[in-house]
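These protein sequence lines are chains A and B, in that order.
Reminder that position 20 of the first sequence reads as 20 in full-length UniProt numbering, one-by-one numbering, no gaps.
Reminder that position 5 of the second sequence reads as 5 in full-length UniProt numbering, one-by-one numbering, no gaps.
Some hints could be false.
So the derived label-pair ranges between C-beta atoms look like this [said to hold, decoys possible]: (1) B:94 <-> A:97: 42 to 48 Å; (2) A:136 <-> B:12: 58 to 64 Å; (3) B:147 <-> A:111: 38 to 44 Å; (4) B:34 <-> A:82: 25 to 31 Å; (5) A:166 <-> B:147: 23 to 29 Å; (6) B:125 <-> A:113: 21 to 27 Å; (7) A:111 <-> B:142: 56 to 62 Å.
Since the hints were derived computationally from the structure, they do not count as laboratory data.
Cβ coordinates follow ideal geometry from the N, Cα and C atoms, glycine included.
Protein chains: 2
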Amino acid sequence: MGGRRPQRADARTNRERILNVAEEVFGKGGQSASTEEVARLANVGIATVFRHFPTKAALLEAVLVQRFDRLREQAETLFHAPDPGAAFFDFFSHLVADAAGKIAIAEALFEAGGDHDGDAAQASDGLRRAVGALLQHAQRVGAVRDDVELPEVYALLVATSRASARAHLEEEVRDRMLTIIFDGLAPLRNARAQLKT
Amino acid sequence: MGGRRPQRADARTNRERILNVAEEVFGKGGQSASTEEVARLANVGIATVFRHFPTKAALLEAVLVQRFDRLREQAETLFHAPDPGAAFFDFFSHLVADAAGKIAIAEALFEAGGDHDGDAAQASDGLRRAVGALLQHAQRVGAVRDDVELPEVYALLVATSRASARAHLEEEVRDRMLTIIFDGLAPLRNARAQLKT
Numbered sequence: 001m002g003g004r005r006p007q008r009a010d011a012r013t014n015r016e017r018i019l020n021v022a023e024e025v026f027g028k029g030g031q032s033a034s035t036e037e038v039a040r041l042a043n044v045g046i047a048t049v050f051r052h053f054p055t056k057a058a059l060l061e062a063v064l065v066q067r068f069d070r071l072r073e074q075a076e077t078l079f080h081a082p083d084p085g086a087a088f089f090d091f092f093s094h095l096v097a098d099a100a101g102k103i104a105i106a107e108a109l110f111e112a113g114g115d116h117d118g119d120a121a122q123a124s125d126g127l128r129r130a131v132g133a134l135l136q137h138a139q140r141v142g143a144v145r146d147d148v149e150l151p152e153v154y155a156l157l158v159a160t161s162r163a164s165a166r167a168h169l170e171e172e173v174r175d176r177m178l179t180i181i182f183d184g185l186a187p188l189r190n191a192r193a194q195l196k197t
Numbered sequence: 001m002g003g004r005r006p007q008r009a010d011a012r013t014n015r016e017r018i019l020n021v022a023e024e025v026f027g028k029g030g031q032s033a034s035t036e037e038v039a040r041l042a043n044v045g046i047a048t049v050f051r052h053f054p055t056k057a058a059l060l061e062a063v064l065v066q067r068f069d070r071l072r073e074q075a076e077t078l079f080h081a082p083d084p085g086a087a088f089f090d091f092f093s094h095l096v097a098d099a100a101g102k103i104a105i106a107e108a109l110f111e112a113g114g115d116h117d118g119d120a121a122q123a124s125d126g127l128r129r130a131v132g133a134l135l136q137h138a139q140r141v142g143a144v145r146d147d148v149e150l151p152e153v154y155a156l157l158v159a160t161s162r163a164s165a166r167a168h169l170e171e172e173v174r175d176r177m178l179t180i181i182f183d184g185l186a187p188l189r190n191a192r193a194q195l196k197t
């Protein structure tokens, strides 16, 4: 009985280590990304991996959930930032820069037969809601024009994230792409309309 | 000898019909898209299809080339439009709306083992150059800000095309996404900067 607590703690540590290593391995993508590779780098047997995650899809889903949850928590921290405009635009850039690994993991999950309604989809919805809250804050202080809504802003976020995840897009081009979008989101439409007339 | 000319004409007609049917069939994507289906709808035998296009990849490549060439020709016609700004923005919207079929065909080509340096890649480069010329015309008349360059504009074009090709993006959201980008491309940065100070 006395041995159970440390064993549980070990199990938790193992689970966390497997998850973190899996995020690293599958986030890089490529052919060598496998559950065996994760076990090797996490310094556990393959049986231990499968005890925590019965299938490769289960492992990948847990990795994605962890990643979405972490991003959502970062967004929630920014709810209280002194400059809601900077918070929104910085987080948008951060998500786009962070996208490559997330997309590689999501593709591996899809290939491993993961479904679209699992825990990862729910965690993804949580992140989307958090981005929506950041957008509203930024609109409330006048940093983002008030005639845009989350669907088109999120569509742009996903579109530029996927573009940025493609290997041949240079960082500079990505940043200039974001500049165009951010200027398009800026709240000067009325002023623009006046300037045009 | 007298029979050769009509035969050649028939062959050309068959080739064109096969290409057009293939564009339709593979542009819709999905499981039922196959060379057999193309032969059936083009009302020719499968042997005739393979005489013109020895492999599925060759057929798909020819379809993509035809599609890119047609778009490039449309762009070139717009070089002489009276309003270069409208020509650029309208063609941008047209490409995004047209994207779903093109992407389905490109994915089918990739699955069929097509390479990335073939005729389709060259035709795609031709379209890119034509878009670049439209962008320059629009910048010359002041309809697009002059501090943006083709790489980021084309990256946005490809990113929004791919987003729009995904089944669950509504047309309305796509249009509002383009509105944000087009406003970001508008040439009022200095005026904006002045308004901010």
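Verification of the hints:
Residue 94 of chain B and residue 97 of chain A have their C-beta atoms about 31 Å apart, which leaves the hinted 42 to 48 Å range violated. Between residue 136 of chain A and residue 12 of chain B, the C-beta spacing of about 60 Å keeps the proposed range 58 to 64 Å intact. Between residue 147 of chain B and residue 111 of chain A the beta carbons are some 41 Å apart, a value that agrees with the proposed interval 38 to 44 Å. At about 59 Å, the beta-carbon gap between residue 34 of chain B and residue 82 of chain A misses the expected band of 25 to 31 Å.
Range check, residue 166 of chain A to residue 147 of chain B: about 24 Å between beta-carbon atoms, so the 23 to 29 Å window is met. Here the CB-CB span from residue 125 of chain B to residue 113 of chain A is close to 37 Å, at odds with the stated 21 to 27 Å. A hinted range of 56 to 62 Å is violated for the C-beta pair residue 111 of chain A and residue 142 of chain B, which are about 48 Å apart.
The structure does not agree with the numbered hints 1, 4, 6, 7 stated previously, though it agrees with the rest.
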